[in-house]
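Novice: Single-letter residue listing:
Protein chains: 2
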Amino acid sequence: MKTVYGLRTLLMAVLICGALPAPAAPPAAADFRTVDPENLVLIDTRYGQVAVELFPDFAPNHAARVRALIRAHFYDGLSFYRVIDGFVAQGGIGEEDAPAKDHPDEAKALDRWPPLKAEFDRKVARGETFTPLGNADPMAPFVGFENGFPVARDARKAHEWLIHCPGTFAFARDNGPDTATTEFYIVIGQSPRRLDRDLTAFGRVISGMQYLQKLERGDAEVDSGVIMDVAKRDPIVRMQLAADLPEDQRPVFQVIRTESKAFADAVKARRYPTSPFYFRKPPPVLDICGVPVAVKRVSGP
Amino acid sequence: MKTVYGLRTLLMAVLICGALPAPAAPPAAADFRTVDPENLVLIDTRYGQVAVELFPDFAPNHAARVRALIRAHFYDGLSFYRVIDGFVAQGGIGEEDAPAKDHPDEAKALDRWPPLKAEFDRKVARGETFTPLGNADPMAPFVGFENGFPVARDARKAHEWLIHCPGTFAFARDNGPDTATTEFYIVIGQSPRRLDRDLTAFGRVISGMQYLQKLERGDAEVDSGVIMDVAKRDPIVRMQLAADLPEDQRPVFQVIRTESKAFADAVKARRYPTSPFYFRKPPPVLDICGVPVAVKRVSGP
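In order, the protein sequences belong to chains A and B.
Residue 1 is where the first sequence starts when you use my numbering, and the numbers rise one by one after that.
Residue 1 is where the second sequence starts when you use my numbering, and the numbers rise one by one after that.
Rather than coming from a laboratory, the hints here were simulated on the basis of the structure.
Accuracy of the hints is not assured; some may be wrong.
Now the stretches of chain B that chain A is said to cover, found in silico as 3 or more residues with beta-carbon under 8 angstroms [unchecked claim]:
no.	region
1	189 to 201
2	206 to 213
3	278 to 285
Keeping only pairs whose Cα atoms sit at most 30 angstroms apart, straight-line, the calculated DSS-like set for lysine-lysine is [said to hold, decoys possible]:
no.	chain 1	residue 1	chain 2	residue 2
4	A	K157	A	K123
5	B	K281	B	K261
6	B	K281	A	K157
7	B	K268	B	K157
8	A	K232	B	K296
9	B	K281	B	K268
10	A	K261	A	K281
11	B	K214	A	K232
12	A	K296	B	K232
13	B	K117	B	K157
14	B	K296	B	K268
15	A	K214	A	K296
16	B	K157	B	K123
17	B	K157	A	K281
18	A	K261	A	K296
19	A	K261	A	K123
20	B	K281	A	K123
21	B	K214	A	K214
22	A	K281	B	K123
23	A	K117	A	K157
24	A	K214	B	K232
25	A	K214	B	K296
26	A	K296	A	K268
27	A	K268	A	K281
28	A	K268	A	K123
29	A	K281	B	K117
30	A	K268	A	K157
31	B	K261	B	K296
32	A	K117	B	K281
33	B	K214	B	K232
34	A	K232	A	K214
35	A	K296	B	K214
36	B	K232	A	K232
Just so it is clear, CB atoms sit at the ideal spot from N, CA and C, and this is done for glycine as well.
Looking at chain A on its own, in the form it has when it is part of the complex:
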């Protein structure tokens, strides 16, 4: 029983401490917004379906590009060809991919999908629902939440960008800033914050991280983590936009409104945990990448 209690109490710590959805007693329905199916990317892996919410306002051209790629079935049958444990899973056309074998469109890819202008950040506009985290951040002058996404702002609050946390969805690029074309990556490890504002990040995983964690890994020290044996790569079975599915076949997700009192209360409870589990109350400092943003799946197959 001790162990059982141990679990229960460690759970309290989990709900307060872990990067997890909000505690079992949920906020009111009005505290959640429904994810726009035009922004809901569904990535089918052999382990399960991953759901990514796009935030197009941060990178309208990249969002339009990834929607176009998905609708052209560009990614279907390609792979997660570069997966580095604790860092990123990168998907698309990888080195060693044989176009004819792996993807009929590969030869045309460069023509069809020219390099995009970088969208590393955006101007702060009026009327945004930026909700400050409430403590200093080691890497940015201001951090907080916008529409459920972790966001950083510069010292003048003139520009803002999405933060690289576990689950962040972004486009890879070459050395030049304006060189992203089709490859995406998703963060699967400790937040690589130094990539912030230096790559175009415009989405986050809202469901299915555990399936990305099952992906076959490459060796970071060999071939830059690219899995050179094409047969060993886990496929991108299919990528779809929820908007392109019949309504009755769409998964529907709701995300807590990070501007709501319910979210503020959850953050406060996390900052000042009252669980008897804690002997030394932790410093009232939160990691922007460790604050849970509650997601509910409300319907779908």
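Fit chain B to the given chain A structure using the hints.
Specialist: Quick look at chain B alone, frame taken from chain A:
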């Protein structure tokens, strides 16, 4: 080719940015120490072998306990019964385990393995090789590395403790401080720093994190993440101490000496990346849980 270059250059970012082993050009052999086989715990999962290095000086009684449990074959055939994506994988005797079915020793467990006195921290002793990270930390007055482990110290530098980073190995407990008995957990997600100095942490994964990431997950919002269907739990196939294996069957790992100039140089290169991949040089601030500590497997089956 663009994508290929993209990989290569993103790789440079990876080697500098990712929570990864040191770059391909390795430090000299003298910059590495060999892991003591008495401190090398080998956890066989159905996906592959995980290697954990213990740091007994931080928790001598817990280290003695886990060695005794391993040598009693206590964990063999038990399971990772509570696995929460982005937080921890917890192993041992879980709720719903039927002693007779799952483990003959369970009934005797509480008698054989009485609760341990907490070893949340230790007094700072002379002659330790604490190497400061070199920048402020959001959660502790001082942080740095000792023997390859991330360590925090209090404001008076009187006490120190292991930091909860991805891969940290610790014992679970109940609400009381002195209640740990047999259950362990390993951090598999964004560093849950608020657990620092409130649980007894005394090891870290030096190889095989990707196998822990494949473990069957529980639902954090249901049964505190415990996988109630025992049949769905991934087993702890076997846990062994390398010291108990014939020498020719032991894996041998070497860890970079975090007090060496080679490590200091790697940290500096990480803090001030020179890769042309970066347009905005990131702030010269490192996350103690994001700094790679190089590990080499030098022999073994």
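Novice: None of the hints should be skipped; say for each whether it holds.
Specialist: Hint by hint, here is what the structure shows:
1. 189 to 201: With 10 residues in contact (Cβ-Cβ under 8 angstroms with chain A), the coverage given for the region 189 to 201 of chain B holds.
2. 206 to 213: holds (count 3)
3. 278 to 285: holds (count 6)
4. A:K157 <-> A:K123: Holds - the C-alpha atoms of K123 of chain A and K157 of chain A are around 9 angstroms apart, at most 30 angstroms.
5. B:K281 <-> B:K261: Satisfied, since the Cα-Cα distance of roughly 24 angstroms is no more than 30 angstroms.
6. B:K281 <-> A:K157: Given that 30 angstroms is the threshold and the Cα spacing comes to 19 angstroms, the pair holds.
7. B:K268 <-> B:K157: 24 angstroms, holds
8. A:K232 <-> B:K296: 24 angstroms, holds
9. B:K281 <-> B:K268: OK: K281 of chain B and K268 of chain B at ~14 angstroms, within 30 angstroms.
10. A:K261 <-> A:K281: At roughly 24 angstroms apart (the allowed maximum being 30 angstroms), K281 of chain A and K261 of chain A satisfy the hint.
11. B:K214 <-> A:K232: 16 angstroms, holds
12. A:K296 <-> B:K232: 24 angstroms, holds
13. B:K117 <-> B:K157: 23 angstroms, holds
14. B:K296 <-> B:K268: 21 angstroms, holds
15. A:K214 <-> A:K296: Holds, at about 22 angstroms.
16. B:K157 <-> B:K123: 9 angstroms, holds
17. B:K157 <-> A:K281: Given that 30 angstroms is the threshold and the Cα spacing comes to 19 angstroms, the pair holds.
18. A:K261 <-> A:K296: Roughly 18 angstroms between the alpha carbons, so the hint for K261 of chain A and K296 of chain A holds.
19. A:K261 <-> A:K123: 26 angstroms, holds
20. B:K281 <-> A:K123: Judged against 30 angstroms, a Cα distance of about 20 angstroms means the pair holds.
21. B:K214 <-> A:K214: 5 angstroms, holds
22. A:K281 <-> B:K123: 20 angstroms, holds
23. A:K117 <-> A:K157: 23 angstroms, holds
24. A:K214 <-> B:K232: 16 angstroms, holds
25. A:K214 <-> B:K296: The hint holds at about 23 angstroms.
26. A:K296 <-> A:K268: Within the cut-off at roughly 21 angstroms; holds.
27. A:K268 <-> A:K281: 14 angstroms, holds
28. A:K268 <-> A:K123: 29 angstroms, holds
29. A:K281 <-> B:K117: 19 angstroms, holds
30. A:K268 <-> A:K157: Roughly 24 angstroms separates the two Cα atoms, so the pair holds.
31. B:K261 <-> B:K296: 18 angstroms, holds
32. A:K117 <-> B:K281: Roughly 19 angstroms between the alpha carbons, so the hint for K117 of chain A and K281 of chain B holds.
33. B:K214 <-> B:K232: Status holds; Cα separation ~13 angstroms.
34. A:K232 <-> A:K214: 13 angstroms, holds
35. A:K296 <-> B:K214: Holds, because 23 angstroms separates the two Cα atoms, which is no more than 30 angstroms.
36. B:K232 <-> A:K232: Roughly 25 angstroms between the alpha carbons, so the hint for K232 of chain B and K232 of chain A holds.
Violated hints are absent here; each numbered hint is respected by the structure.
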